[in-house]
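Engineer: One letter stands for each residue in the lines below.
4 protein chains.
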Amino acid sequence: MRSAEEMTLNMLMKRECYRQTGTCTGGLCVGWNAQNVMWAVTDDLDKEFGTDYHERLKKWILHSQQNSLVVAGALSDAKGDRSKSPSKQVNPDSNVHLVEKREGGIVVRGAKVMICGAAAANEIFIMSGSDYREEDKDFAIAFVVPRDINGLTLVECRHPSDERELADGFDSPVETGITQAYLLFDDVFVPNERVFLAGEYKYSGNIICYFTANYRSCIGACVTEQGDVMIGAGVNMARVNGLSAKTFKDKYVHMAVLNETTFGMGVGAITMGWQHPVGVWFANDLMAHVNKVHVATLPYEVKRTLQDISGGIVETGCFPSCEDFNNETYGQYVQDCIKAGSCSADSRARAARFAEWLTIGAGVPGCMHGGGSLDGVKLVIRGATPMEEYAVMARKLAGIEEEILEPQG
Amino acid sequence: MRSAEEMTLNMLMKRECYRQTGTCTGGLCVGWNAQNVMWAVTDDLDKEFGTDYHERLKKWILHSQQNSLVVAGALSDAKGDRSKSPSKQVNPDSNVHLVEKREGGIVVRGAKVMICGAAAANEIFIMSGSDYREEDKDFAIAFVVPRDINGLTLVECRHPSDERELADGFDSPVETGITQAYLLFDDVFVPNERVFLAGEYKYSGNIICYFTANYRSCIGACVTEQGDVMIGAGVNMARVNGLSAKTFKDKYVHMAVLNETTFGMGVGAITMGWQHPVGVWFANDLMAHVNKVHVATLPYEVKRTLQDISGGIVETGCFPSCEDFNNETYGQYVQDCIKAGSCSADSRARAARFAEWLTIGAGVPGCMHGGGSLDGVKLVIRGATPMEEYAVMARKLAGIEEEILEPQG
Amino acid sequence: MRSAEEMTLNMLMKRECYRQTGTCTGGLCVGWNAQNVMWAVTDDLDKEFGTDYHERLKKWILHSQQNSLVVAGALSDAKGDRSKSPSKQVNPDSNVHLVEKREGGIVVRGAKVMICGAAAANEIFIMSGSDYREEDKDFAIAFVVPRDINGLTLVECRHPSDERELADGFDSPVETGITQAYLLFDDVFVPNERVFLAGEYKYSGNIICYFTANYRSCIGACVTEQGDVMIGAGVNMARVNGLSAKTFKDKYVHMAVLNETTFGMGVGAITMGWQHPVGVWFANDLMAHVNKVHVATLPYEVKRTLQDISGGIVETGCFPSCEDFNNETYGQYVQDCIKAGSCSADSRARAARFAEWLTIGAGVPGCMHGGGSLDGVKLVIRGATPMEEYAVMARKLAGIEEEILEPQG
Amino acid sequence: MRSAEEMTLNMLMKRECYRQTGTCTGGLCVGWNAQNVMWAVTDDLDKEFGTDYHERLKKWILHSQQNSLVVAGALSDAKGDRSKSPSKQVNPDSNVHLVEKREGGIVVRGAKVMICGAAAANEIFIMSGSDYREEDKDFAIAFVVPRDINGLTLVECRHPSDERELADGFDSPVETGITQAYLLFDDVFVPNERVFLAGEYKYSGNIICYFTANYRSCIGACVTEQGDVMIGAGVNMARVNGLSAKTFKDKYVHMAVLNETTFGMGVGAITMGWQHPVGVWFANDLMAHVNKVHVATLPYEVKRTLQDISGGIVETGCFPSCEDFNNETYGQYVQDCIKAGSCSADSRARAARFAEWLTIGAGVPGCMHGGGSLDGVKLVIRGATPMEEYAVMARKLAGIEEEILEPQG
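Chains as they are written, first to last, in the numbering used here: chain A, 1 to 409; chain B, 1 to 409; chain C, 1 to 409; chain D, 1 to 409.
Because the hints were derived from the structure by calculation, they are not lab data.
A couple of the hints might just be wrong.
Unchecked claim - Once the Cα atoms are required to be at most 30 Å apart in a straight line, the calculated BS3-like pairs of lysine-lysine come out as:
no. : chain 1 : residue 1 : chain 2 : residue 2
1   : B       : Lys79     : C       : Lys246
2   : D       : Lys251    : B       : Lys249
3   : D       : Lys137    : D       : Lys101
4   : A       : Lys249    : D       : Lys251
5   : D       : Lys79     : B       : Lys396
6   : A       : Lys202    : A       : Lys79
When you get a sec, could you build the whole thing from the sequences and use the hints?
Structural biologist: See the structure below:
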């Protein structure tokens, strides 16, 4: 991604992707972002340390493109006790780390958690998850491995209403699904040509900084499209309930405003971004993080509005199973109860389960903490807002000549 | 319930009940309210029509008290096409109705839907669900039946993450559960001593009016306690995550403000209520419905805040199953990943699943449409707000002497 | 005020009072509350210290009632440096304090600020403004003085758009006004029979505690009525703009919900209150403070909604003066521009200035900090919310047996 | 403005402009936008009607640039009865219109209202304010006049706290001010070279459409900077109150999130825009209008937060005048009361008046209706949101094969 135009196009593609599949493949976005971020960081590293990480990465990317490999990215470590750094943890495997440097490669251990898309990927791109100092230098690593490599266990996670995906008929409203896992590395050997950072901790902060700027500006694209689908689900629900669109027009507009915000703000952050000397484009840090605040909060309101429009059939969790709907004895009575307008009972049932899936089922995206927690995001905003400059500016406008300092003690 | 004091005590008991069980037994509240409402409406009816409904009800209530019967109430009909009245429906069974009056009783048919607590009750108290006119007089009925009566089928419903309740260990975090059903009446005979309304449609509107005032003022009690449990769940999550309460203090206060609002507003509505000549106390209509607006909306924010505090382990839906947690081969590795502070991995897992259950699992209450939909509630508020009086008052204060009328056309 | 009923009636009277006058006489409410609070605190004091403050207060109240005296109350001190207690201030007069005890009375100095209604009162009731310790005992005082007493200077304050009150015609839309002042005590002598606390600091905390519970539960009454007037102003604006009420129906309901909340929650807090042994009724502390949060925040949304309904004529601050409206040369042209529907240009002008006055003029109440600042209010809520109890309750429901403690360090 | 880059730069300049002056010169933005819009519309017109409007405009723009003329724009007509079109008004001058076409020019009459910056401009650029049909063709006009032209009367408006601008010392906190006027045209002759539309109504809708897209995307720039100044004012208030920034850190972040949203969303709307064949760039319509929703609502929350931080000295409207502050007798006492931390009383007074000016004084921008009313904006959003397409997409994902139509009747 060498320009704002390319990144904006990428946002449009993400929007289209969710539209086609109903699935947000967060982990694949992480994988794609990882390559852009490390493209720049390896350049930072090579220039200072004379390493050849950038060339290794280039070769691997070419290989990956030529073979159309699906790549998931993994950033979040299990972390353990949040008040201690990785090297101080009782369990050293709370964070993925370098165990040993051998002739042709490195050996790694530790856990990456909440990794989306891993089971569906050919390869997994691992990056260190924080800004490390000297004492934690073994945790400053980046590498890529095939998903099925020896010593790597993927523990697939449970999410809300996951067993519904195994159900029959309308109880399982969407064909696609999501995959999320804990990745447990147990002395995995990674050959050198797949290693892009191995202990040079100095630029580990840049990994986070570059990654979050781009990931948090683009993340709005999926969220917007999920919201658009929710508008559509609302339109359908109103109709199968036998109610006119007019009744809900303000609610649709309300949803559209919220949806477009995460897209527009993301594009804004990208447009106000900057180009790294090696050619990669990174979004404006402050604006990308403001976008993440919206991504973490606005979808709740969109979902609430869809539940408001849809009625009790979606929101109270009180709707018969597909099995009862088709029961030989009383199924017809159930179907007669469900029919509300000119549509079939089946359409109303499907529309209702789909709205449930979107708002309180397996289709709910984890927008609050996915891509980083809200409180962490706010810390970045605090750091990136020039409050002192604003205070001086306000003082000037107000005609205050005295310097006004922060109180002591 | 003969006074504001008794009703306020009832709110405190509902709060305590949720605290002990983690279950909101909405249907039983409906059952209890049904008896109070019909206590007044049968009095209205007997005075005008010379019927003996009040005496029948009294006898049945005494019987029910003496035998400690658990009574669920049922109000919502399946309705069918919302733009047509019951007698105009293609499917006459979209609403429960009188089929035939026999010597010793009546025969009824039709469906009541989204009825909470029915499967756990001994008896079910049915009331007509709207304000009917002459043409729909067969739909103006009220009666009580044993749950297991011949001709009545209960179709238990599916709710989000319901299969989780069947899971082992922490995947099923709470022992109690909820029961919600469709009630299908197929020519059920109800003896006269259990019939409290059978065609005298004139006061069918009062049933709704009295019922909603009391139900919607008291409903805040459960909602408040659910919110208090969510504060508690947040405190626990912060601790098992190894984080200090101080970090989240503003969030706890935010939750407390939202929680107390539905309780305080409910008590306010009750206090500003009125006593029916027969002795029952009814809450202030406007204030009860304002309370329902808060009940329908504030819990979303409480849940969002709990997810904010809890972190990705609760909100992203990315947390291993209890089975994997206990797996012989990699279970220990998973447990080591989950341990974050001084608490055991098991406690963190339980606390996380519980917070998930509360915010996006089987424990989420249907506050938006349970007890009536938000848009219907707002119609009542619109009707109960004396806007013309406010306009005159504003005109007087503003010194406008001309009469200001609604524009024509 | 000896019961919840009396206090609720008082709320209804406050609502009526604003309706009649368009003025919120906060200071007089403080004066009335001061008498109730000191009725209880003097009883606390006399029982422990053998003083006769209660009897003195009783006599003065009888005198005040017999002579129909208007009494303003004053609580807030100028305070000075918030990080230091009163006795540590560079300027000892930052807080009102005892200078000297003489034979027949006491001498006081210091400033009370932001005191509403003082200029319109016959007498001013002063209470100490915080919970003091031994070293600050001279600041623990309560007494009443005539407004015109020697040594007391009232410095009347400026508020937004205050000069508009002196304007002609519709530029000054409301006849009544507000008075707010700084009270500067410069060695004022107060005879003993008007002194109700003079150094016995032990119960100074009760003054604040009792006062805030009652003041912050009742304060919603004025705020509600201000909001009702805003609904009325909105109805009028829609009509003078030539628009149908139907367009804005959701907005009126939105305003009504917000308005009724501060009233209903206040009544709820009162109902859940308690009776002091001496007979005074005090509201529930937690709920009163939750109500103050709403009082501090909801009116902003009500005003925003009124501006939304009213249009640019009210909100952009772009509307000709009454003088230009009546100008001989171009006044008629201006009037022709202003006429929008069937009402006169004059009515539209008055309605617009009135809505401006309510939302961004001299009629805007200081709900955020009047009656105490929001952050202080939240501290009380934090203290009054039993978070540990909630945590235990959540643990029990979640089946967690381990004790979960606050992290160390 | 021929590209997204140029428009984004323009947003940065607007931000800087408010920063330097504390004034939002909305009318000059209108003037600047008018030239861009008519650049495209005259091209539309000339191509269809063979007119030479584009060439006239080009000449006038060159003249205006060469002479560094300050140009205000005027769009909003007085309108009169909103339910009738201009030609049906009782008062034909409710909208500016063509009276007569003469040899060398046209004669115009009618009122433009709420025009910002007119008194400070050299020239005023008038555009028709709606999408007109044949019967209203005389209202489809665009032209430019010197402010002091014969027959044009500017009636300067009153805005909240406007007399404060004439006050001494800190009571008048900011040196710059705003000018807003009603423009009354009384048979004004405009020579042909200054006329850019005179009756060709067909593209009058484009004027509105192009104008709103660009104006409503860029408007966020001033609003953002006003918000930044409010953060600065808050930082200063906390300090002069003697309180640490730490206490308010979450509030500053909250303000920053709101501020950056209107900027980022505006840049996003521009980036997703399109280029008119004649070369002008126009913003994305849907996103520009979503931005206007934020511009119309978020600043209320920013102001509320500043009042929250600032304390009663700013929000209650209870703060002495500069005159009393400097009074010979009691002025020193007043100053001693006002001093709260290590800053001078004068600095605290200035900081407080400035925060008052920003939140409830003459410095409050009319964001709700300035640049168009919120309800009108939402209509555009409704039209621009492809709801049917979303419904089909949701149906496809939900596996519904039946067509689901809007209910009849």
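Engineer: Each hint should be assessed against the structure and marked as holding or not.
Structural biologist: Here is what the structure says about each hint:
1. Proximity of B:Lys79 to C:Lys246 is assessed by CA-CA distance (about 27 Å); at most 30 Å being required, the pair is judged to hold.
2. Distance check on the hinted pair: D:Lys251 and B:Lys249 sit about 14 Å apart at the alpha-carbon level, within 30 Å; holds.
3. Restraint check: the Cα-Cα separation between D:Lys137 and D:Lys101 comes to about 13 Å, which is no more than 30 Å; the hinted pair holds.
4. For the hint pairing A:Lys249 with D:Lys251, the CA-to-CA distance comes to about 33 Å; that exceeds 30 Å, so the pair is violated.
5. The straight-line distance between the Cα atoms of D:Lys79 and B:Lys396 is roughly 28 Å, inside the 30 Å bound, and the hint therefore holds.
6. The hinted pair formed by A:Lys202 and A:Lys79 meets the criterion: a straight-line CA distance of about 20 Å does not exceed 30 Å.
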